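So the protein sequences, as listed, match chains A and B.
Per the working numbering: the first sequence = residues 11 to 316.
Per the working numbering: the second sequence = residues -17 to 231.
Please keep in mind that the hints were generated in silico from the structure rather than gathered at the bench.
Since we're looking at a predicted model, the values are computed, not measured.
Note that beta-carbon positions come from the ideal geometry of N, C-alpha and C, so glycine has one too.
Take these hints with a grain of salt, some might be off.
[Stated by the list, open to error] Facing chain B, a subset of chain A residues (Cβ under 7 angstroms, in silico):
1. Arg78
2. Pro83
3. Gly112
[What the hints assert, rightly or not] Derived coverage of chain B by chain A (criterion: at least 3 residues anywhere in the stretch with Cβ under 8 angstroms from a Cβ of chain A; other residues may be distant):
4. -12 to 0
5. 73 to 79
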Amino acid sequence: MHALTFEHVTKRYGREVVVDDLSFAVQPGRVTGFLGPNGAGKSTAMKVLLDLARATTGRARIGGRRYRDLVSPARTVGVVLEPNAFHPGRSGRNHLRVLADGLGLGAGRVDAVLGLVGLDHAADRRVGAYSLGMRQRLSLAAALLGDPPVLVLDEPGNGLDPQGIRWLRDLLRDRADAGSTVLVSSHLLAEVEHLADDVVVINRGKLVTAGALSALQHAGVTVRSPQAAVLVDLLAAAGASVTPAPDGATVVHGMSPARIGDLAAERGVTLHELSAHAGSLEDLFLRWTADRSEVDLAARKGEVLA
Amino acid sequence: MSTWSRLLRGELRKLTTTRMPLAFLGVLVLLAGLNGVAVVAGTDMDGSKAFIATALDQRSMMAFANNAMMGAALFGAIATAREYGHATVVPTYLAEPRRARAMLAQLVALLLAGAVLSTAGALLIVAAVALALPATDYAFLVSIGGVSQVVAASAFAGAAGAALGAGVGTVVRNVGGAVTATFLVLMVLPPLVVQLTSDAASWMPATLGTVVSGVTTEVSTASALLALALWGALPNLLGLWALQRRDLV
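Can you make the complete structure from the sequences, with help from the hints?
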């Protein structure tokens, strides 16, 4: 079992802080979605984990060890990281054979993963002639070559057709169910919503939130009241984050339904609805990663009430 | 299979699964052809063919070590730098995160490739000259030992050149930049150094190539071999230092 741990990892390039005091853990047996806007620092964090980049401070470990200290690192961790990390003049089969040589694996394993990702028909074609989806399948084949118990995948669904997405989802689910550790970054939020057990969200290098996706999705409370303005002021004054929903309801974060009900009762505010809010991952992601200046601007305009 | 042999096997497969070696071999065939044409059609300023009159002249014509070093250096620089361009360094260093070991495996593979290509180049030129000489009034005068030395010198210089290029490629990490830097190191730097200190002329690659080929005797053959090896080794020490300090991607 290999948990992945980031402990206060900071990565600077000159004066730019790309990853900022990042701490979280990825547990075996679960699929963890690694989310963040472009440039949030996801890929850099993965590179630090894999010893491809050095953390300025902090440390990242795989099963308690640095990547370089693993007994057989590439057989322990399967990686999809750089898009198009191929020599365009080399065939897909030869690309994998080069990697298989490095891992001490035979041609049989290469054939097996080519079949697994559905590339056996194009294995002897130059990678330069591959479509984006075929290249992505080749990347996945490379990651699976050593049958590793840990998968670290950066945007593995890019370019895959719907069948490929479904296949990838099933593969990652099967792996996690078998006890593997799966960390997968993706911009396909709907896909992550289907796939991930846990999510880790970062923005501008900092951890925004981490935890079980189902718990995070139900972290808000929907409130409906004929005295909405009074209620909003009341909840905001009590420290809750209050956001108007498009249907006229109000979504409250940072306060339990019981506390909201108690506050409303104390002030005599009538409630027509008080229920757990099941937000979509997209809504949550946009809220988690909203630019602070945009939030402030929206607050000034009265769109965000606290 | 040991880690070392796994890595070396992978690096050799990298080199043999693209068309680059064939492209370089094509250049070698062209160079050999030009040598053959020069033997048949070329003359000295006085219209004679004195440049192929003696065994030493013929050996000088066939001495390929300097060209081998330049060609193999370009081969090494391109092979190494393109790994960064294509990001294929990522799986390489994921398979072997101890960077010095992975770099050494690549270096050894390139040494072998440089030696093989340069040997092929030298043999092609020897064959071209031997085939062209009957069209002149001169016979092939170089002994088997002489031919062997020319070929061996090319192999050694080619290996040193490939190493030099690999080191430059590791430092520069960009194919265009690595090719330019290799050209500067082998073609521009030596004349500048000689202008600053003429004593250094004997230690420049071109001179060392003629020494190990048995054409000139500015320094001893052993010293020339050592100096060529140093030309190949120094950029790799710099490359290793850079590789250990820098992020890979």
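Hints, verified against the model:
1. Satisfaction of the interface hint for Arg78 of chain A is found here, the shortest Cβ-Cβ separation to chain B being roughly 4 angstroms, below the 7 angstroms cut-off.
2. Hint on Pro83 of chain A holds. Least Cβ distance to chain B is approximately 6 angstroms, under the 7 angstroms limit.
3. The beta carbon of Gly112 of chain A comes within 4 angstroms of a beta carbon in chain B, closer than 7 angstroms, and the hint placing it at the interface holds.
4. Residues of the region -12 to 0 of chain B with a Cβ under 8 angstroms from some Cβ of chain A number 8, which satisfies the need for three, so the listed coverage holds.
5. Only residues whose beta carbon comes within less than 8 angstroms of a beta carbon in chain A count, and the region 73 to 79 of chain B has 7; three or more means the coverage holds.
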